[in-house]
Every structure is written in C-alpha cells, then in structure tokens.
Amino acid sequence: MEESEQIEEIFRRFHPERENLLLLLQEIQEKVGYLSRGAMESVAHFFHLPPSEIFSIVTFYNQFRRKPPGRDPVHVCLGTACYLLGGNLILDAFSRELHIEKGDTTEDGNFSLDATACFGCCNVAPVVKINSQIYPKMTPGKVEEVIINLRDKDKN
Amino acid sequence: MPSIIIDGKEITADPGEKILWAALRSGIYIPNLCATEGAELPFGGCRLCIVEVEVGGRREMLTACSETVRERMKVYVHTEKIARMRRTAFELIMSDHHIDCKNCAKGKTCELIRISSTLKWSLRPKTLRGLVRDLPVDDSHPLFAYDPKKCVKCGKCVFVCQGLGKSFLDFAYRGFEMVVTTFDHLPLSSLGCKSCLECVRVCPTGALYLKETSKNVIPAKAGIQQLLTSPDLCSGGSLKETGGLGDG
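Chains as they are written, first to last, in the working numbering: chain A, 1 to 156; chain B, 1 to 248.
Just so you know, the hints here were simulated from the structure itself, not pulled from any lab data. If you're wondering where the values come from, they're calculated on a predicted model, not measured in any experiment. Fair warning: there could be bad hints in the mix.
Below, computed lysine-lysine pairings styled on DSS-like, alpha-carbon distance capped at 25 angstroms [what the hints assert, rightly or not]:
| hint | chain 1 | residue 1 | chain 2 | residue 2 |
| --- | --- | --- | --- | --- |
| 1 | A | LYS102 | B | LYS149 |
| 2 | B | LYS81 | A | LYS102 |
| 3 | B | LYS126 | B | LYS108 |
| 4 | A | LYS155 | A | LYS129 |
| 5 | B | LYS108 | B | LYS74 |
| 6 | B | LYS102 | B | LYS153 |
Model the full assembly from the supplied sequences, consistent with the hints where possible.
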C-alpha cells in the first residue's frame, strides 16, 4: 500500500482533535516506519494546525524518526543501566562504523541508527537491539563484528 | 489599584498586571529578554527577570514576567542572590550566542548589549565555555534574514507570528539542540510569508534582521517602521496595509 493511502486509512479512524495528535503520529510511524515531510504536512492539514507545530512536536520526541528506517535498524539502549556502562560509547562506535549520525539511515538503506530507552534486560547492559535480537554486554570493539555479520547475512 | 513594594519603595500597579511591567513603568529596571506585555501565557524562558517575592514570611524566587501583582506584595529586585542567578542565566544565554557585534545588523540596539551595559556585565561568559553551534544562516527571503547562531530562543518571533495566525516559525528539537526554525527547515522565502516583518521588529538580538538591500530601498533612518507602513515594498503588501492576512 502506498504511504499516502496508509495515512488516509489512519485518518479515517481518528477525530481531528488535538488530544489524538500524538496517537496518530505514533500510528503513522508504526505503519509507515517514519514521518516524511509529506506525512507531517497532511497531519497538519488534518488537524488544522500549522505545519511548523507538527515539526516542533515530531522533533521534540526521540521516538519519532523523519527518515525511513534501514533494513537492519540498530537501536542502542541509553537507559540508566546501559548509559552508566557506556551506552554512549557504543552509539559512537556504530556512528563511526556506519558513517551516520543518530536518527539517520545509511545510503544503501541497510542500517539506521537510533538511541532508545530501556529494553528490560539491564542485567546484560549495555545492550543493542537489531531487529528483534538483543546483543548483550556490548563493547565498542564488538560493533564492527556485529555489522560485518549482518552485512554477510543480508548478502546471502 | 493595588500597590506593591519593590525594594522598600511603594509603587502602584494595574489589577492583574505582572510585576515586571509595573516595575518598568515606575522606572525600576528589571532585565528581560523574552517578556511580552499582555501575553496570555508568559514564556518565562530567559530567567533574567527573576525576583524575590515574600510569601508567608519566606522569600521565593519567581519570574517577574509571569507573577501577577497582589496588594501589598513585597518584591526584591536587587539582592545578591538574584544578581548571581541572573548572571548565570545571562552567561548561559551568551555561551551559545555568536558574539560578532562589529558586523551585527542589530548594532547598538541589541537587548543583550543593553542588559550587559546596564548591569555592567561582560558580553562574553566568564565561567562558561562558549559552545556556538554550527547552524546555517537563512537569507532566502528578499527583505530579511535569520541567523540562528544569534538566536537566544526567547520565542518572541514564534509567538508574534502565531498571534498573527501564521505560525511560520516554531521551536524544534529539545534541550541544547533546540532551535527556532520553519517547518522541516524550509527556506523562509518558500513559506508564503507576507513580509509583515513583525518577527524582525520583536527580535531582541541580531538573529532576525533586515537585509542590507532592503535598507537601501528605504531612507536609512526610517527603519522598520517605514517598511511596515510602506505598501509598495513587498508583493503581498504589509499587514497594516492589507488589514489582515491573505492566504499563504
């Protein structure tokens, strides 16, 4: 289904009242994977709000992404336990290896990089989640290996 | 008319008025950057107008722009504690402000210069490291430009544009990364802005400024007022001329 059709379908299930705004944005992100410029514009139109306000909300929350996620979306946990055990260093290592910043997607569309909060497995912190797999006790040194393995898997 | 006592001096205020405006009218200077008189919901973001108010025998730190006057309210605007807090707030603002007064379009009318010279503070922060972000200037609009490196995030332009029913500008991102910007960072010229230039008028710093070329169109001394009332300068006409807002 086209992105615009998906969004239209979501609009049909909501009233254009302000209290529904975040729910609707979350729903679009879940169905489409991200919030494109066009999606934000149509949301603004639907709620009769200025587009700048939608942009303000979307950029305020870490949860929303404005670029399509990669085939292997990398989620680095920056929850309290992971943060204390160097989650930021893991994020930096992925950023270096993939040549993208947090919130971006690689040019080939294979990887995207995001920071998220707790996955609920703080005992093996710091953790990274890629697709549905958890990578426990990560170190910056393991990052390259993880990426190479995923690249090989994608080739086959 | 309620009367309030500021640093031992009794002054009269209008009912429902905020401390800041009552003080300023009576000639008591309280520094401020983000305050707009008559604002329904004062922003209270710059923290420069902080004062001490006696509440039930204790002194509380409050922002003068958001606190409504009460009869016989005791307010202190010049204490050592306040001076220290204001100073820190000012340093935080200046730590990510691109200080370039010599080339700045705002010149001496800059509110930051006014505050620093009135309170005898240096513009450059003394205790904080400068962290000016690398943000691009938007000079796409024919009459004015926006330099986010000089923005102090007071929100005056955001609220004035909102008040005029347009909302081309808004805050985006969060924390230190926060900026005032357009929808998806689109260039200012692409939004259908009618050049009312209210945002330039309210900007306390040189972040939103008239371009050299637009200054040449009008006599040097006339400034923004002339631009605001001259109908021929921009295609859509200014707001005052058209008497309202057309379609983007």
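Hint-by-hint comparison with the structure:
no.	hint	verdict
1	A:LYS102 - B:LYS149	holds, 22 angstroms
2	B:LYS81 - A:LYS102	violated, 40 angstroms
3	B:LYS126 - B:LYS108	holds, 22 angstroms
4	A:LYS155 - A:LYS129	holds, 20 angstroms
5	B:LYS108 - B:LYS74	violated, 35 angstroms
6	B:LYS102 - B:LYS153	holds, 22 angstroms
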